[in-house]
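**Q** Listed here are the chains, written in short residue letters.
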Amino acid sequence: MGFKIKDVNAFYGEKQALMNVNFEIQKKAVTAIIGHSGCGKSTFIRCLNRMNDLVPLFRVDGEILYSGMNIYSKSLDVTDLRRRIGMVFQKPNPFPKSIYENVAYGLRIQGINKKGILDKVVEESLKKAALWDEVKDRLQSIANALSGGQQQRLCIARAIATEPEVILFDEPCSALDPIATAKIEDLITALKKDYTVVIVTHNMQQAARVSDFTGFFMLGELIEIDVTRKIFTAPSNKMTEDYITGRFG
Amino acid sequence: MTREAYHKALKDVQDDVLKMADMVGKALKDSVDALKARDIGTSKRLIEEDILINKMRFDIEDKCLLLIATQQPMAIDLRTLAAIFNIITDLERIGDHAEGIAKINISIGNESLVKPLIDIPRMSAKGISMLERCMKAFVDRDIEVARQICNEDDEVDALYDQIYRELVLIMIENPSTIQGATYLIWAAHNLERTADRVTNIAERIVFMVTGKMEEMNVSKY
Numbered sequence: 011m012g013f014k015i016k017d018v019n020a021f022y023g024e025k026q027a028l029m030n031v032n033f034e035i036q037k038k039a040v041t042a043i044i045g046h047s048g049c050g051k052s053t054f055i056r057c058l059n060r061m062n063d064l065v066p067l068f069r070v071d072g073e074i075l076y077s078g079m080n081i082y083s084k085s086l087d088v089t090d091l092r093r094r095i096g097m098v099f100q101k102p103n104p105f106p107k108s109i110y111e112n113v114a115y116g117l118r119i120q121g122i123n124k125k126g127i128l129d130k131v132v133e134e135s136l137k138k139a140a141l142w143d144e145v146k147d148r149l150q151s152i153a154n155a156l157s158g159g160q161q162q163r164l165c166i167a168r169a170i171a172t173e174p175e176v177i178l179f180d181e182p183c184s185a186l187d188p189i190a191t192a193k194i195e196d197l198i199t200a201l202k203k204d205y206t207v208v209i210v211t212h213n214m215q216q217a218a219r220v221s222d223f224t225g226f227f228m229l230g231e232l233i234e235i236d237v238t239r240k241i242f243t244a245p246s247n248k249m250t251e252d253y254i255t256g257r258f259g
Numbered sequence: 056m057t058r059e060a061y062h063k064a065l066k067d068v069q070d071d072v073l074k075m076a077d078m079v080g081k082a083l084k085d086s087v088d089a090l091k092a093r094d095i096g097t098s099k100r101l102i103e104e105d106i107l108i109n110k111m112r113f114d115i116e117d118k119c120l121l122l123i124a125t126q127q128p129m130a131i132d133l134r135t136l137a138a139i140f141n142i143i144t145d146l147e148r149i150g151d152h153a154e155g156i157a158k159i160n161i162s163i164g165n166e167s168l169v170k171p172l173i174d175i176p177r178m179s180a181k182g183i184s185m186l187e188r189c190m191k192a193f194v195d196r197d198i199e200v201a202r203q204i205c206n207e208d209d210e211v212d213a214l215y216d217q218i219y220r221e222l223v224l225i226m227i228e229n230p231s232t233i234q235g236a237t238y239l240i241w242a243a244h245n246l247e248r249t250a251d252r253v254t255n256i257a258e259r260i261v262f263m264v265t266g267k268m269e270e271m272n273v274s275k276y
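Heads up: the sequence lines are chains A and B, in that order.
For the record, in the first sequence the residue sitting at position 144 is 154 according to this note's numbering, with numbers rising by one throughout.
For the record, in the second sequence the residue sitting at position 128 is 183 according to this note's numbering, with numbers rising by one throughout.
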């Protein structure tokens with residue numbers, strides 16, 4: 011089991027963003043979260059590596075167990091948690107450094123500076139992110155010169171470099187063109203061999219294409235989660251069906 | 056975001072399927088009436104008009120493909136379009152059965168029928184009734200009615216058995232009726248297959264509503 015989410019409620023001050031969410035996220039599979047804007051899907055995914063801790067007045071109750079440990083436990087090392095549970099955001103956010111240094115960054119802050127190790131990790135990570143062939147001759151070029159799609163794959167390589175177990179994708183293709191989107195989708199499908207992937211997306215076809223499981227959130231509640239094939243062909247819940255067929259929203 | 060234009064297009068396709076079913080049901084009724092009345096002119100018209108049924112099938116197929124390509128239908132919408140692909144194929148084949156009966160009428164030519172038609176019009180009326188209620192179940196998404204229609208195929212099979220036995224007896228008693236009796240067996244066979252096609256449509260309606268494909272009444276022919 012990857013994650014076990016038990017009775018999770020989340021609040022921004024007085025406003026409740028997640029309501030009594032209960033489900034399990036499978037290891038080494040892609041789980042997609044869909045729902046309207048403001049339904050709580052981004053809040054949810056950001057709970058999985060405690061990114062919401064940085065938001066003022068945010069609080070969460072209930073339990074999120076990852077590999078059996080409660081990730082909201084006071085004794086937990088949050089930096090280590092975020093190393094194990096990496097995240098890729100909506101807009102590519104490479105550091106204003108070289109391609110090489112972007113990928114090596116996570117290792118350097120862990121105190122790993124040996125060139126041999128860094129070279130190996132940078133190459134492996136860029137290969138896993140399907141970017142190596144496009145950048146191998148210009149690793150010292152500034153990352154911001156890459157195209158949007160390449161920058162997003164660089165961010166994925168940067169996330170992979172620290173050897174996470176889980177990668178969270180928050181709308182990873184919303185700023186990308188269709189070809190770059192297709193590359194990221196292929197990459198997500200390839201990544202599940204080694205990683206647990208959770209993706210938040212507004213694009214239902216994308217969820218249908220890349221994920222093994224899909225959860226539908228509405229007004230902070232998890233309405234339905236099931237194998238993706240079932241959700242998009244014969245969902246059990248009428249609200250899910252109305253949402254994915256565009257009958258409300 | 057609701058998708059009004061898409062849902063209207065989806066409804067239009069379903070309305071087209073109903074129109075096609077009306078055309079097919081009328082062709083079937085006219086084909087048997089023409090056989091009974093020995094009306095060659097109507098049979099010739101039905102053969103010509105079968106082209107319109109075939110065209111309607113391809114027009115609906117085109118519209119379904121366009122919706123799939125442009126609107127990415129999902130869930131009930133996707134199942135509806137998948138069901139429609141099969142339903143229009145069965146409707147088109149029922150049209151062919153009506154055309155087949157029209158051709159039989161023309162083949163019989165000036166010969167009189169080897170017996171008065173009683174059970175063949177009954178088979179036709181039963182098949183048309185099944186088709187009409189099936190299309191209502193399609194609109195109403197009514198799986199109970201669809202399942203009931205599948206069971207009714209046995210009644211059509213029983214009528215076919217009865218007609219077959221009767222015509223075989225006529226042929227044994229009087230071998231000069233063999234050709235005329237064989238024509239009527241073919242006509243009855245077209246009607247028996249029609250009811251099977253309606254059963255297929257009913258199965259697709261159950262799939263459309265439940266997402267599960269069930270074979271509900273396997274014809275013994």
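Check each hint, because a few of them may be wrong.
To be verified - If you want the footprint, here are the derived chain A segments under chain B, 3+ residues with CB under 8 Å:
1. 70-76
2. 243-255
To be verified - Below, computed lysine-lysine pairings styled on DSS-like, alpha-carbon distance capped at 30 Å:
3. A:Lys-193 x A:Lys-130
4. B:Lys-91 x A:Lys-240
5. B:Lys-118 x A:Lys-248
6. A:Lys-248 x B:Lys-267
7. B:Lys-66 x A:Lys-240
8. A:Lys-202 x A:Lys-107
9. A:Lys-14 x A:Lys-101
10. A:Lys-37 x A:Lys-101
11. A:Lys-37 x B:Lys-267
As the list claims (entries may be wrong) - Quick look at which bits of chain B chain A covers, simulated, 3 or more residues with Cβ under 8 Å:
12. 58-66
13. 132-146
Treat the hints as calculated values from the structure; they're not laboratory data.
The beta carbon of each residue, even a glycine, is placed where N, CA and C say it ideally should be.
**Q** Each hint: holds or not?
**A** Hint check:
no.	hint	in the structure
1	70-76	violated (count 0)
2	243-255	holds (count 7)
3	A:Lys-193 x A:Lys-130	holds, 23 Å
4	B:Lys-91 x A:Lys-240	violated, 51 Å
5	B:Lys-118 x A:Lys-248	holds, 26 Å
6	A:Lys-248 x B:Lys-267	holds, 17 Å
7	B:Lys-66 x A:Lys-240	holds, 24 Å
8	A:Lys-202 x A:Lys-107	holds, 29 Å
9	A:Lys-14 x A:Lys-101	holds, 28 Å
10	A:Lys-37 x A:Lys-101	holds, 26 Å
11	A:Lys-37 x B:Lys-267	holds, 29 Å
12	58-66	holds (count 3)
13	132-146	holds (count 3)
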